[in-house]
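Chemist: Here's the letter readout for the chains.
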Amino acid sequence: MQERVRQLLASQKVDTGAVIPLLQKVQETFGYLPQEAIGQVARLLKMSESEIFGVATFYAQFRFTRPGDHTIKVCLGTACHVRGGSQIMETIERELDVKAGGTTKDFKFGLERVACFGSCALAPVLVVDDKVYGRLSSGKTKEIIAQHQ
Amino acid sequence: MQTKAFDDIRAHAEKEWEALEHSQKPRILVGTATCGLAAGAEAVLKAIEAELAQRGIEAILMQVGCIGLCYSEPMVDIVGPGQARVCYGGVTPEMVTRLIEEHVVNGRPCSDLALGTVGKGSADGIRPLFESPVLKPQVRIVLRRCGLIDPENIRHYIATGGYRGLAKALKMSADEVIAEVKRSGLRGRGGAGFPTGQKWEFCRKSAGKQKYIICNADEGDPGAFMNRSLLEGDPHSVLEGMLIGACAIGASEGYIYCRAEYPLALKRLRIAMAQMEEYGLLGNDVLGSGFGFHLKIKEGAGAFVCGEETALMASIEGKRGMPRSRPPFPAVSGLWGKPTNINNVETWANTAAIMENGADWYASYGSKGNSGTKTFSLVGKVERTGLIEVPLGITLAQIINDIGGGMLGGKAFKAVQTGGPSGGCLGSDFLNSPVDYETLAKAGSIVGSGGMIVLDEDTCVVDLARYFLTFVQNESCGKCVPCRVGTRQMLGILERITRGEGRAEDIDQLQTLAETVRDGSLCALGGTAPNPVLTTLRYFRSEYEAHILEKRCPARGCQKLVSCYILPDKCEGCGICLKACPVEAIAGGKRMVHVIDQVKCTRCGACIDICPPRFSAIKKVSGEEIEVPPEPIPVTPKKKAAKTEPAE
Chain R
-15 MQERVRQLLA
-5 SQKVDTGAVI
5 PLLQKVQETF
15 GYLPQEAIGQ
25 VARLLKMSES
35 EIFGVATFYA
45 QFRFTRPGDH
55 TIKVCLGTAC
65 HVRGGSQIME
75 TIERELDVKA
85 GGTTKDFKFG
95 LERVACFGSC
105 ALAPVLVVDD
115 KVYGRLSSGK
125 TKEIIAQHQ
Chain Z
22 MQTKAFDDIR
32 AHAEKEWEAL
42 EHSQKPRILV
52 GTATCGLAAG
62 AEAVLKAIEA
72 ELAQRGIEAI
82 LMQVGCIGLC
92 YSEPMVDIVG
102 PGQARVCYGG
112 VTPEMVTRLI
122 EEHVVNGRPC
132 SDLALGTVGK
142 GSADGIRPLF
152 ESPVLKPQVR
162 IVLRRCGLID
172 PENIRHYIAT
182 GGYRGLAKAL
192 KMSADEVIAE
202 VKRSGLRGRG
212 GAGFPTGQKW
222 EFCRKSAGKQ
232 KYIICNADEG
242 DPGAFMNRSL
252 LEGDPHSVLE
262 GMLIGACAIG
272 ASEGYIYCRA
282 EYPLALKRLR
292 IAMAQMEEYG
302 LLGNDVLGSG
312 FGFHLKIKEG
322 AGAFVCGEET
332 ALMASIEGKR
342 GMPRSRPPFP
352 AVSGLWGKPT
362 NINNVETWAN
372 TAAIMENGAD
382 WYASYGSKGN
392 SGTKTFSLVG
402 KVERTGLIEV
412 PLGITLAQII
422 NDIGGGMLGG
432 KAFKAVQTGG
442 PSGGCLGSDF
452 LNSPVDYETL
462 AKAGSIVGSG
472 GMIVLDEDTC
482 VVDLARYFLT
492 FVQNESCGKC
502 VPCRVGTRQM
512 LGILERITRG
522 EGRAEDIDQL
532 QTLAETVRDG
542 SLCALGGTAP
552 NPVLTTLRYF
562 RSEYEAHILE
572 KRCPARGCQK
582 LVSCYILPDK
592 CEGCGICLKA
602 CPVEAIAGGK
612 RMVHVIDQVK
622 CTRCGACIDI
632 CPPRFSAIKK
642 VSGEEIEVPP
652 EPIPVTPKKK
662 AAKTEPAE
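Listed in order, the protein sequences are those of chains R and Z.
Position 6 of the first sequence, counted from 1, bears residue number -10 in the working numbering, the numbering being contiguous throughout.
Position 165 of the second sequence, counted from 1, bears residue number 186 in the working numbering, the numbering being contiguous throughout.
Calculated from the structure, these hints are not laboratory results.
Mixed in with the good hints there might be a few duds.
[To be verified] Restraint-style ranges between C-beta atoms, simulated for each label pair: (1) Z:K25 x R:K(-3): 34 to 42 Å; (2) Z:S385 x R:F91: 35 to 43 Å; (3) Z:A462 x R:K115: 37 to 45 Å; (4) Z:N495 x R:D113: 22 to 30 Å; (5) Z:V502 x R:F48: 24 to 32 Å; (6) Z:F636 x R:A130: 26 to 34 Å; (7) R:S(-5) x Z:I629: 30 to 38 Å; (8) R:K115 x Z:N495: 22 to 30 Å; (9) R:G86 x Z:F636: 36 to 44 Å; (10) R:Y16 x Z:A462: 39 to 47 Å.
As the structure is a prediction and not an experimental result, all values here were calculated from the model.
The beta carbon of each residue, even a glycine, is placed where N, CA and C say it ideally should be.
Model the full structure from these sequences, guided by the hints.
Modeler: See below:
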């Protein structure tokens, strides 16, 4: 792991304000920010680990535990809320026995809540990996999960 | 400036566009912005490709942005050689064969599936799309190219008038450009409405050699997607605006701060910037004018507060995105302590149009003091959801009834929420009020970045206030006490009220807390966070009272305050709801009236959604009980006879 992080960071351009782009790159590669990566980013930028950790925890995008093979993001923006987004979230939580922010025991699915995808006209909306599904109902949601099982 | 260089590019682009317009091959355009993709545009695109390949048809297949009619996505436009462009909505892969067969092969547009014609020419039995009720009241300035050009082809942009505003600006002095923008009356489209020309002037006059400009594309308001749509459908219009601004302000570097949640917008921006470099529109010497400009993209990492300008700059600098107190304003000391000018995506796109067509043209739209147009994402409980652009000063009723086609399912209008978590809920008293910065502010809301969420009788405004408070409480950066602690206390009270545990003194306490948070917070996030609560307290006080005093939710939206019952005289014992119930709270059998176990029931509403409309046997109530049999009983056959009688 350490070596992979080192190689990744070596290939990146480091300029002013590079912390967030570097962390984004690490997360893009590994799916989360491994403990080792925080330390290596800190050394590379000559900052303290706590500073890096402070930045990383401030932003909702970063995660510190291993994600599932598929990431399900349920939109709970206003339009989705008004059109029943929380029911969609409840359906998934029940179907997969996992809470928002968690990962299923077999690491197959990670479940996240997102404030808005900007697909409000098709609310309620969810995203599996990078595919957007709109105009959902509980039934349609169950079908989508089944497709990815 | 070497005008010849740009003239050559333009001539080349126009030639390509002409060739496309007069092509002998049929053209098929598929809307593949995020909303189109969510509705299934990818499957439609694949079906078209397969159908064309199978028939051996040579056609020009183009992917375009969103025209704004999200309710009828996926959308496909077909243009036969020498024919009018016909737009089809709600296209499914199954419809593709017919569209290709009849329209592309036989040259006969399918009038029953068409939404309308676009642009010049006409087709039998199909009306012009822009004459339809949804588009007629709209004025398209910012969105004028969305859905009509290929956003990944800079020559389409240039051929349709693009970069002409920049070419003009490069020939003018900076003061003249600023004067033109000032004269247009353009105000910041990010929400606050500060005059753009004046903002530019402050930054221009600031001392210092190094200056920055920033495009705020961190569209964080839940329920708003105007900026996403524009960046996906016409990225160059935003970039041209930035070049004009940079040249007027004297900035040599710029940043676009765009949310990571918008992958397609980011992709299209990167493509657009690479093309600009290729055409000499970015770099040390823009179009040979001697003016140099460099642009970088920074991806936001998911923090709502970074939409606030000082927090956004902290984030670009790689720090925690926390706002700081002003002054000094960014125009004096912004990014890395240098003078900086931040504008929203839509503001930048507007400046490109203003420079191209002139300030007087722009000011001829809108109302006095509120010139021009504003884009809104019209969503929630209206028939036609989508992205709209209207002249400021239009009434809410025109937007909701004419453009939006009225309320979804014919339900009663309750309120419209503008400005997201920083805005407020306005009820039916405001339907005939003009939509402009001052009117909405006076009513306790804001224009904001342009989210417009329509609520009907089934939306509980107390629950909505709780929803927004949950959001701002999550997103509060924690730096100042009123926002950090105040929003938490307010949320606690609202959660109690929606659970049915409200106390008589809660309303007064909420009011006091809301005013304290509003007046005492450091930045706009805290300063506006109480708006949803303050407006609902002002216009919908009786709903709060019903929750607190009668433990009743009039809109039947608060799960803890409602119960669901199956009406014995309507239930046909079909068993659909029994199977759909996720918690096995429904008892019954074939031809037996089903009964809901009120203890097990979680009020998720799955049974109501699935009960066939011809039965409509499940009723949701709040504050009352319906007498139903304690256990399943046989369906009484006589009521069936009684029902069919009048028809015979």
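Chemist: Indicate, hint by hint, whether the structure satisfies it.
Modeler: Against the structure, the hints:
1. For K25 (chain Z) and K(-3) (chain R), the hinted distance range of 34 to 42 Å is satisfied, since their beta carbons lie about 36 Å from each other.
2. Checked against the given bound of 35 to 43 Å, the beta carbons of S385 (chain Z) and F91 (chain R), roughly 60 Å apart, lie outside it.
3. As the Cβ distance of A462 (chain Z) to K115 (chain R) is approximately 40 Å, the hint placing it in 37 to 45 Å holds.
4. Here the CB-CB span from N495 (chain Z) to D113 (chain R) is close to 24 Å, well matched to the stated 22 to 30 Å.
5. Between V502 (chain Z) and F48 (chain R) the Cβ separation comes to about 28 Å, which falls inside the hinted range of 24 to 32 Å.
6. The beta-carbon spacing between F636 (chain Z) and A130 (chain R), approximately 28 Å, falls within the hinted interval of 26 to 34 Å.
7. Taken as a hint, the range 30 to 38 Å is violated for the pair S(-5) (chain R) and I629 (chain Z), whose Cβ atoms sit roughly 55 Å apart.
8. At about 26 Å, the beta-carbon gap between K115 (chain R) and N495 (chain Z) stays in the expected band of 22 to 30 Å.
9. About 38 Å separates the C-beta atoms of G86 (chain R) and F636 (chain Z), a value consistent with the hinted range of 36 to 44 Å.
10. In this structure the hint that Y16 (chain R) and A462 (chain Z) lie 39 to 47 Å apart at CB holds, the actual value being about 43 Å.
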